[in-house]
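4 protein chains.
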Amino acid sequence: MAIMSTPTTFRPVLERIAEEIERTPGSGRPADYIPALAARDPRRFGMAVAELDGTVYGVGDWREPFSAQSLTKVFTLALDLAREGDALWEHVGREPSGNPFNSLVQLEYENGIPRNPFINAGALVVTDRLHTRTGDAAGELLAFLRAESGNPDLGHDEEVAASEAAHGDRNAALAHFMASYGNIDNPVPVLLDQYFRQCSVAASCADLALATGFLARHGIRADGTRLLSRSRAKQINAVMLTCGTYDAAGDFAHRVGLPGKSGVGGGIIAVVPGHCTLCVWGPGLDERGNSVAGVAALDRFTTLTGLSVF
Amino acid sequence: MAIMSTPTTFRPVLERIAEEIERTPGSGRPADYIPALAARDPRRFGMAVAELDGTVYGVGDWREPFSAQSLTKVFTLALDLAREGDALWEHVGREPSGNPFNSLVQLEYENGIPRNPFINAGALVVTDRLHTRTGDAAGELLAFLRAESGNPDLGHDEEVAASEAAHGDRNAALAHFMASYGNIDNPVPVLLDQYFRQCSVAASCADLALATGFLARHGIRADGTRLLSRSRAKQINAVMLTCGTYDAAGDFAHRVGLPGKSGVGGGIIAVVPGHCTLCVWGPGLDERGNSVAGVAALDRFTTLTGLSVF
Amino acid sequence: MAIMSTPTTFRPVLERIAEEIERTPGSGRPADYIPALAARDPRRFGMAVAELDGTVYGVGDWREPFSAQSLTKVFTLALDLAREGDALWEHVGREPSGNPFNSLVQLEYENGIPRNPFINAGALVVTDRLHTRTGDAAGELLAFLRAESGNPDLGHDEEVAASEAAHGDRNAALAHFMASYGNIDNPVPVLLDQYFRQCSVAASCADLALATGFLARHGIRADGTRLLSRSRAKQINAVMLTCGTYDAAGDFAHRVGLPGKSGVGGGIIAVVPGHCTLCVWGPGLDERGNSVAGVAALDRFTTLTGLSVF
Amino acid sequence: MAIMSTPTTFRPVLERIAEEIERTPGSGRPADYIPALAARDPRRFGMAVAELDGTVYGVGDWREPFSAQSLTKVFTLALDLAREGDALWEHVGREPSGNPFNSLVQLEYENGIPRNPFINAGALVVTDRLHTRTGDAAGELLAFLRAESGNPDLGHDEEVAASEAAHGDRNAALAHFMASYGNIDNPVPVLLDQYFRQCSVAASCADLALATGFLARHGIRADGTRLLSRSRAKQINAVMLTCGTYDAAGDFAHRVGLPGKSGVGGGIIAVVPGHCTLCVWGPGLDERGNSVAGVAALDRFTTLTGLSVF
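Protein chains in written order, with the working numbering: chain A, 650 to 959; chain B, 650 to 959; chain C, 650 to 959; chain D, 650 to 959.
In short, the hints are calculated from the structure, not lab data.
Hints are not guaranteed to be accurate.
[Claimed, not checked] Quick partial rundown of chain D residues pointing at chain C, CB under 10 Å, derived from the structure:
# : residue
1 : Arg743
2 : Gly761
3 : Ile762
4 : Leu864
5 : Ala871
6 : Cys892
7 : Thr954
[Claimed, not checked] The calculated label-pair distances, taken between Cβ atoms and stated as ranges, are:
#  : chain 1 : residue 1 : chain 2 : residue 2 : range
8  : C       : Val839    : A       : Ala688    : 40 to 46 Å
9  : D       : Asp681    : C       : Arg660    : 57 to 63 Å
10 : A       : Ala811    : D       : Glu936    : 37 to 43 Å
Please read these numbers as outputs of a predicted model, since none were measured by experiment.
Even for Gly, the Cβ is constructed at its ideal location relative to N, Cα and C.
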């Protein structure tokens with residue numbers, strides 16, 4: 650990691666990136682498995698940086714809420730790890746999947762233990778376990794995001810939640826399949842309701858960059874209390890780097906060089922440990938489900954700043 | 650990455666680790682696919698640290714040569730990238746394999762393009778391409794390792810090379826299979842000869858820690874000349890982090906948090922970008938082919954020093 | 650097929666087989682995924698032959714009802730084909746699966762179209778389609794079995810049906826997964842209810858040998874009316890031969906040489922086209938889910954009589 | 650099987666089929682992996698029937714030699730089984746592969762034991778074993794084909810043999826891969842030479858229909874001597890039915906209802922046990938590697954004559 654000799658803001662860098670992204674003809678397509686996502690204009694773009702002290706700034710649509718989708722998997726993972734610790738790892742692995750993000754194949758070869766907490770199967774397990782421990786996994790997530798972002802209006806997009814439920818057969822299949830191996834505690838309909846609500850969180854780049862701050866602060870929340878030990882916070886960063894961008898994790902590490910997590914709503918969050926966190930949003934996705942503009946913006950960011958974990 | 654406020658040496662840390670490893674009853678088994686490796690005493694242990702300026706020190710058997718095996722894949726990758734640049738990535742991917750290290754399955758689904766340069770199939774492609782560009786891939790590798798380590802006696806273990814060739818059916822299968830997709834340039838017997846010589850390099854922890862130095866110096870060789878651009882050196886670190894330890898890359902990132910590459914000879918090299926490089930050796934392997942003592946020692950090292958890229 | 654020059658009965662052959670089976674120490678284990686099946690004594694054995702004219706006779710427990718399970722897949726296939734004809738084959742294939750009987754892997758690679766109607770996924774599709782066409786797939790099946798066997802008491806085992814439902818996560822996963830590809834018409838809970846009732850049919854060797862008669866009579870039912878064309882009846886025999894015994898179809902064809910279908914209740918039905926039908930029952934299963942005594946008995950039957958389609 | 654009340658010839662049926670095939674616009678493409686096959690005119694068509702007594706007749710190009718390719722796998726299987734008996738089945742399975750014909754995937758999951766003797770991997774094992782037992786597998790095959798067909802001019806197409814060798818990387822990969830599991834006895838280059846010569850046999854529909862006669866005569870050769878027991882001849886028919894047409898075995902059984910074996914040269918041989926054998930040739934292949942005209946002709950044959958094993 651390149652060490653910046655003085656504290657700095659990245660405003661000029663963000664502005665330059667926003668200009669470049671605007672000039673580049675849009676590419677990628679919004680996720681089309683639910684109508685609420687498909688309707689998004691692929692040319693929208695926002696990017697925010699949150700510094701360790703909670704300062705946040707951005708460019709473009711950085712204050713507009715979008716569908717967080719899989720970005721929330723990072724937070725439920727942290728919330729569950731904070732409660733049950735390493736016992737979680739008996740129920741979900743932490744290896745890259747090497748396969749598209751909702752594959753059933755590996756799950757079958759590996760007896761119902763998902764490869765990692767960021768594929769859908771793994772996130773279902775984490776939500777199931779968090780729900781068992783809290784009685785309200787989705788509520789716990791929402792409270793955490795509101796607290797960290799300082800945005801009490803952050804909430805669910807009910808249209809997206811309903812749409813997820815209406816197109817939920819594949820996640821239902823995953824949940825039942827893992828239940829057949831004894832790796833799901835709650836009734837499948839209860840779990841799916843929790844899971845779809847979690848996916849339907851709507852938040853802005855500003856909100857999500859702030860909410861990710863605990864990973865740059867080695868486990869410390871916005872209010873100065875500790876959510877996770879330093880070691881466990883680093884471990885989440887490691888899982889993000891190796892598993893955070895579906896089956897493009899190697900390419901993302903190669904191009905961007907930061908722990909990151911993407912969602913099919915077009916958002917990506919990224920961590921510069923000890924420095925800052927980023928959230929970028931662009932609805933057009935590449936064929937592996939990652940935001941085209943988002944990856945490009947983060948690639949430019951690390952190139953221009955010299956920041957990277959490598 | 651935790652920043653050490655003053656330059657320091659890690660001697661006391663290495664000594665503590667060596668004591669701990671010695672106290673722990675040995676586990677793991679030496680690789681048994683060739684007799685030359687199977688004969689190794691699994692209780693052997695060595696560990697070396699090389700600082701950016703070429704200072705190197707260690708504990709245990711840190712000056713004893715062992716079979717480098719797959720550790721050499723890092724160097725042939727660097728040597729080929731230095732020559733052909735990104736064109737290489739049309740012939741080999743950079744995603745974690747998600748499968749055991751010599752799997753043919755993914756190769757078949759992906760039309761003869763190996764997942765990454767560190768699985769055997771990918772290393773065969775890299776060696777093939779380096780051989781086409783140099784006329785002597787194994788010689789090029791040897792010259793590089795001698796120059797970086799400052800050890801002119803560093804060479805091949807002829808017994809291991811002969812043993813590899815005698816048990817080479819699986820690598821021959823991989824090479825012919827990729828050749829059937831047009832992804833191999835040289836005749837398969839020529840390629841295999843080059844590859845087995847590369848695998849049979851014998852070097853010590855000291856040699857290999859020093860030879861890895863260019864990755865901590867962002868592309869600069871021991872003599873101050875540049876092998877790779879800063880950006881490309883970081884990319885190799887990224888590939889090591891996501892793909893360097895077979896199908897345990899996620900676990901290694903989680904426990905150790907450093908770019909690393911393991912070999913079935915029991916060696917592991919690791920990089921603390923901007924700080925130092927490490928090489929550890931212990932012949933007993935876990936079921937995924939990584940040195941049990943080696944992973945444990947690196948885990949302790951990052952825990953005790955706070956160093957990690959996350 | 651060896652041609653028997655005169656009509657004959659197979660009584661002496663059956664008696665000899667029953668003696669041999671009794672002498673052989675029992676092997677195989679009852680299916681254990683639901684308690685109702687696991688409790689069965691693996692030494693039970695029955696075998697019946699039904700001639701074309703409806704004459705039926707047997708040995709051992711040939712009149713005792715057992716859980717028909719997957720044997721019913723043959724009848725729902727015939728009932729649906731009789732209604733919709735070849736359109737069915739756009740929704741389910743007719744190739745051997747090459748994988749264990751409830752694998753999700755192939756289903757994923759092949760976009761939700763199950764390999765054949767005799768793996769669970771395929772049977773779910775057939776039941777779904779029959780239910781759409783009749784409004785009561787399970788009732789239709791029961792009516793058919795009662796009519797063909799002449800046994801009005803033939804019915805469901807309610808304990809088995811409840812047990813199937815309580816352990817139905819894997820079938821629920823299959824159904825939701827296919828629904829995600831648009832290959833299921835009815836709501837998944839409705840389909841599963843129909844499917845589990847179908848699996849829970851309890852019938853004897855006598856009942857099932859008689860009910861299979863239409864396949865030996867080239868499509869003609871017990872009452873002389875035609876259920877299927879000659880060509881379509883032959884096609885069902887072909888699907889039984891290539892796909893009827895899970896991933897042991899090749900071995901079954903090799904040893905027995907007759908179209909057959911097995912169930913995890915320990916039953917196997919087999920067809921000698923133009924001659925007779927057989928049903929054999931022994932609860933102990935081999936590792937591929939086929940009755941050990943059942944396969945052995947049919948192997949002996951074809952060896953002793955010279956009957957086989959080859 | 651429909652029983653023909655009197656002996657008969659199928660001349661009129663063949664003529665009708667030839668007319669129909671001619672009227673149908675050609676479809677399918679010749680195999681293109683070697684130039685010698687790709688050059689074949691896809692509109693060529695021949696079909697021959699051989700009766701049990703050695704009478705043979707045909708239509709179209711039924712006397713023109715074509716590349717037998719995988720059709721020879723049936724004969725090497727018979728020749729090896731005649732020598733070593735059931736011991737062969739410890740080295741090759743007899744289950745449908747469920748995957749394209751030269752897949753490495755299953756081979757890897759099943760430790761180097763090919764699924765059946767008719768996929769390339771399985772045929773390599775059979776040739777290897779026959780070669781060990783005879784010292785000249787290809788010569789043994791040629792002698793058998795000449796004797797059964799009564800055609801002393803039947804031989805190899807040297808251009809095809811050379812072309813196979815020049816494009817042999819995939820078969821070399823298969824052979825080396827199985828050798829790595831200890832399932833190949835001879836040196837790989839020796840085996841490949843034998844195998845490519847076997848594939849390059851050139852023979853006519855008349856030759857091949859006659860050479861297949863022993864399978865319709867339950868193991869008896871043309872000269873009245875016994876090659877295989879009745880039981881073993883039936884078993885080969887069973888393996889042909891379940892595994893003879895790559896991953897279209899289920900479809901072939903469904904449409905044609907006879908044991909058959911196809912080759913990428915466009916030939917298909919089929920057996921009506923106790924009646925006759927057929928060979929049909931049309932170079933245009935469907936996407937699964939079977940002759941389009943060949944399958945259509947056999948489909949018509951069984952429909953028009955009512956012959957089928959079901």
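Each hint, compared with the structure:
1. Arg743: 4 Å, holds
2. Gly761: 17 Å, violated
3. Ile762: 13 Å, violated
4. Leu864: With a minimum Cβ separation of about 9 Å from chain C (threshold 10 Å), the hint on leucine 864 of chain D holds.
5. Ala871: Hint violated; alanine 871 of chain D Cβ to chain C Cβ min 20 Å, cut 10 Å.
6. Cys892: 6 Å, holds
7. Thr954: 13 Å, violated
8. C:Val839 / A:Ala688: 40 to 46 Å: 32 Å, violated
9. D:Asp681 / C:Arg660: 57 to 63 Å: 59 Å, holds
10. A:Ala811 / D:Glu936: 37 to 43 Å: 42 Å Cβ-Cβ, so the 37 to 43 Å window holds.
When the structure is compared with the earlier hints, violations turn up for hints 2, 3, 5, 7, 8 and for no others.
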